[in-house]
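Listed here are the chains, written in short residue letters.
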Amino acid sequence: MSATAAANRDMPSLYGKAGSLRSERRWALIWAYISLIFSAIILLTPPVYMLITSLKTSAEIADQKGNPWIVRNPTLDNYWELITNSLFQGFFINSVIVTVVVVALTMVISILAAFALARMRFWGSQVLATGVFLTYLVPDTLLFIPLYQIVGGLGLLNSIWGLVLVYPTLTVPFCTWIMIGYFASIPKELDEAALIDGATWPQMLLKIFVPVALPGIIAATIFAFTVSWAAFVYPTAFITTPDQMPLTIGVVSQLVRGDVFVWGQITAGALLAALPPVIVYAFLMDYYIAGLTAGATKG
Amino acid sequence: MAQVSLRKIVKAYEGGVQAVKGIDLEIADHEFVVLVGPSGCGKSTTLRMIAGLEEITSGDIAIGGTVVNDIPPRDRDIAMVFQNYALYPHMSVYDNMAFGLMLRKFPKAEIDRRVTEAARILDITPLLERKPKALSGGQRQRVAMGRAIVRDPKVFLFDEPLSNLDAKLRVQMRTEIKKVHQTVNTTTVYVTHDQVEAMTLADRVVVMNHGIIEQVGPPQELYHNPATKFVAGFIGSPSMNFIPAKVEQASGALRLHLPQGIVLDVPAARTARYQAHAGKDVLFGIRPEHLTDDKPTDKSNTAPVTLKPEVIEPMGMETLVHFKLDGTEVSARLDPATPATVGAPLSLIAHMDQMHLIDPTTDKVL
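Top line first, the protein sequences correspond to chains A and B.
Residue numbers for the first sequence follow our numbering, beginning at 58 and rising by one.
Residue numbers for the second sequence follow our numbering, beginning at 163 and rising by one.
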């Protein structure tokens with residue numbers, strides 16, 4: 058036996074590749090770096106260009122001479138003008154109100170729906186769960202026409218409350234789906250133990266499921282936050298006056314005066330608008346990943 | 163504290179599969195009853211029906227004289243310990259144990275008293291502030307038991323509580339469970355597939371198979387007087403040998419003719435019992451511990467057998483020897499000092515007063 062093994066060890070065809078594990082890993086890393094750098098350049102070029110532009114004066118932006126990637130006379134005037142502009146402050150407040158209410162509504166609906174679909178086995182719950190996900194696949198560009206009728210019928214056109222009503226159609230299906238996955242990964246014995254301990258269904262949800270599924274809830278919250286903060290199609294369709302506009306359409310519609318594009322303020326506004334999601338992601342990224350991959354491996 | 167009654171309990175699933183087929187069982191107050199059987203025998207389903215986690219298809223379950231068929235688990239006043247512990251991962255050990263009492267709105271001082279007391283009984287006082295993930299398997303199982311104890315329920319239900327533990331810890335926790343039962347003396351229903359756990363813990367063992375109860379009785383009773391071939395084979399480790407045999411009449415006595423020309427005398431005390439089966443084929447059942455070396459001090463009711471070992475397993479305190487008798491596997495338990503060699507004839511004796519005869523058509527022990 059050992060003699061055969063010793064003989065095998067000398068055969069390059071069998072054991073010669075042992076040393077190549079390291080070089081295989083090196084090549085994998087090289088390719089990983091190349092593709093990561095490539096995607097980083099593609100993804101980061103627009104925001105970097107926006108940052109550069111936002112630091113220029115209108116005169117410098119309009120100047121055709123010189124390298125557009127270099128700021129000759131950096132200034133924060135664009136930011137200052139925006140921050141002190143009551144219109145922009147209004148956009149920001151509208152965005153915050155809509156987002157906070159939509160996130161809260163979404164989480165309440167999604168958690169209740171997911172708990173029912175994942176745990177309270179009832180007739181048709183499987184079909185319903187699939188149905189919830191399918192609605193997510195319908196794009197908002199298809200939905201906004203019928204929704205316009207509905208929102209109009211309710212008298213909520215040109216009101217942030219109309220947005221509060223329609224955004225959950227985008228957020229609830231996906232968040233419910235994330236939460237179903239997370240709740241399903243919680244062992245069945247945990248609810249049984251809670252039932253025997255004397256918990257009612259609502260108590261079980263609030264005292265066991267919500268705390269245990271917190272990473273999933275945070276992931277769903279981030280998703281709902283991003284969607285409602287960045288929504289563009291619905292506000293474009295439903296909002297007409299500046300006092301009701303959220304940031305996304307306020308920046309582009311109000312900072313273009315006639316055919317004059319105030320590029321410095323537009324880019325500064327876009328960057329300021331992108332700041333809250335960046336901050337949220339930076340702090341909660343780990344939870345977000347944990348929530349999306351729940352149940353993928355045995356915890 | 164309460165007795166538990168199961169009357170004609172049936173559990174059928176969609177598609178008509180019956181997991182439990184009409185069982186009757188009376189569990190006395192303070193009694194420790196173990197439901198034991200192979201996977202899929204219906205033991206866990208029965209326990210879950212007592213807990214109220216499974217609905218009953220038909221029949222009645224009564225706890226403390228009250229029929230609980232339609233009463234939800236929280237109002238049955240039971241506590242359950244699960245195989246995977248089912249501790250609440252976000253709560254400390256203290257909160258895990260206190261949770262049931264908090265839901266029932268016990269005063270804080272009373273909760274504190276009960277949790278402290280249970281922690282003392284289970285020796286987990288230093289762990290009270292920890293989260294379950296910082297505990298070992300054995301400690302988690304103690305906490306799960308603590309959660310049951312603090313409630314001071316009418317009935318404890320255990321669903322294979324030791325199956326996730328390693329062999330050494332399992333023995334330790336088994337003793338622990340027995341101690342706890344002796345301290346709190348609550349009626350207990352315990353489910354396991356491990357017959358050693360069943361034998362060591364139970365006041366009475368309930369052997370289940372294919373959704374029915376094969377036999378109920380104290381551990382020694384099941385060991386010495388099994389009612390069916392299944393119970394005879396299931397209780398005891400290694401399991402009982404079953405050898406095809408024929409009962410023959412021989413001048414007022416009975417003899418058993420085994421394969422390979424082995425003839426064994428049936429003890430005189432059993433003659434009347436087996437008389438009706440003279441001339442018939444039976445299964446001769448004998449436990450490995452009753453087929454031993456040829457050197458007991460008292461040789462009454464023994465019969466000599468010579469066999470050639472096929473496999474020898476020295477266990478330290480004993481040696482197991484395996485033979486083949488015309489295709490039937492047979493094991494014997496020897497003194498480790500007895501020299502045994504594979505293939506060399508070995509003299510053994512069968513303790514015939516410990517033998518069983520089984521009717522091969524009904525699988526009942528005669």
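I should point out that these hints are in silico values taken from the structure, not numbers from a laboratory.
Treat the hints with care, as some may be off.
[As the list claims (entries may be wrong)] SDA-like, lysine to any residue: derived pairs with alpha carbons at most 25 Å apart:
#, chain 1, residue 1, chain 2, residue 2
1, B, Lys293, A, Leu263
2, A, Lys245, B, Gln180
3, A, Lys245, B, Ser298
4, A, Lys264, B, Tyr250
5, B, Lys267, A, Ile275
Quick rundown of the hints versus the structure:
1. The suggested pairing of Lys293(B) with Leu263(A) holds, with an alpha-carbon distance near 19 Å, which does not exceed 25 Å.
2. Note on Lys245(A) and Gln180(B): the hinted pairing holds, with a Cα-Cα distance of about 23 Å set against a maximum of 25 Å.
3. About 21 Å separates the Cα atoms of Lys245(A) and Ser298(B), which keeps this hinted pair within 25 Å; it holds.
4. For the suggested pair Lys264(A) and Tyr250(B), the alpha carbons sit about 10 Å apart, so the restraint of at most 25 Å is met.
5. Restraint check: the Cα-Cα separation between Lys267(B) and Ile275(A) comes to about 31 Å, which exceeds 25 Å; the hinted pair is violated.
Comparing the model with each earlier hint shows a violation of hint 5 alone; every other hint is respected.
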